[in-house]
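Line by line, the protein sequences give chains A and B.
The numbers in the numbering used here rise by one with no breaks, and the one at position 178 of the first sequence is 178.
The numbers in the numbering used here rise by one with no breaks, and the one at position 42 of the second sequence is 1042.
In case anyone wonders, no lab produced these hints; they're calculated from the structure.
Heads up, some of the hints might be wrong.
Said to hold, decoys possible - Some chain B residues near chain A, calculated using beta-carbon distances under 7 Å:
(1) G1005
(2) L1006
(3) V1010
(4) M1012
Said to hold, decoys possible - Some chain A residues close to chain B (C-beta under 8 Å, calculated; not the full set):
(5) A10
(6) A84
(7) A87
(8) V88
(9) S91
(10) L92
(11) F95
(12) A103
(13) V106
(14) I126
(15) Q129
(16) W132
Where a beta carbon is used, it is the ideal one built from N, C-alpha and C, also for glycine.
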Amino acid sequence: MKDRIETLLATVFGAIFLGPVGGGGVRDDQPQAVQRLGAGRRRTGRLCAGRRLDHRLQPGADWGATTSASTSSTTVSRAACSGAELAVIVSLAAFGAFIAWIAFKVIGDTLQYGSTAQTPWATPLIWPQGVWYAGLVTFALVAAGLRACARRCCWRRTASTREPRFPSQEREGRAEGRARRPRPTPGRQQGEAK
Amino acid sequence: MMLVGLPIAVSMALVGIVGGIAAYGVPFMDSIAPVVWGVQNENLLTSIPLFVLLR
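Next up, chain A with everything else stripped away, as it sits in the complex:
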């Protein structure tokens, strides 16, 4: 019974935590689900290599790769990659805007009542709260800028007629093209020279 519980816990929590963390730690004696997740992690790790925000997307890419059993796993994992990345960035931007909007009420109340700290110096609370609010606004602006960059990248990919490729794949494609290009033989070079 104890072994069963341990196996069940190892399967559940191993699949949740060990899979996205990395495939390097997957051993042969681990449950099959963990091994599958590790394999997916290794596969999508190569796919997403070279992406600017790939570290954010590895978990989503893992699920996309492991849930697709067909030969189109590459496309599915790439779609999951992009979808998860976009969802995270939009959520982060929405959260930043929400916190900035909520925090402005505190600033408004402080300005309205002229609140001061309950200390002998009676420091006006707008000073520390101004710094605090500036930090929150900076966070919201950075998150919004990140979202704008992500949307621009999505539009660029949509407008492009060819299949979206990662920078690493672009480099590999260029390298393959150079390798396939016929090298000029010395005889042909002499013929061209004539």
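Based on these hints, arrange chain B on the given structure of chain A.
Chain B in isolation, oriented as in the chain A frame:
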């Protein structure tokens, strides 16, 4: 949310906000900002990230 890649702090905050609104309704939103300010203004809790930055 964490598995998708959302930062842990944001995930926890979103769960707390959604749960609070579900439990107490819209008036809960008025208490979010004072709580955030109160926590971030606490000296004991502020020392934790500063200690991490020390390393």
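Hints breached by this structure = 4, 5, 14
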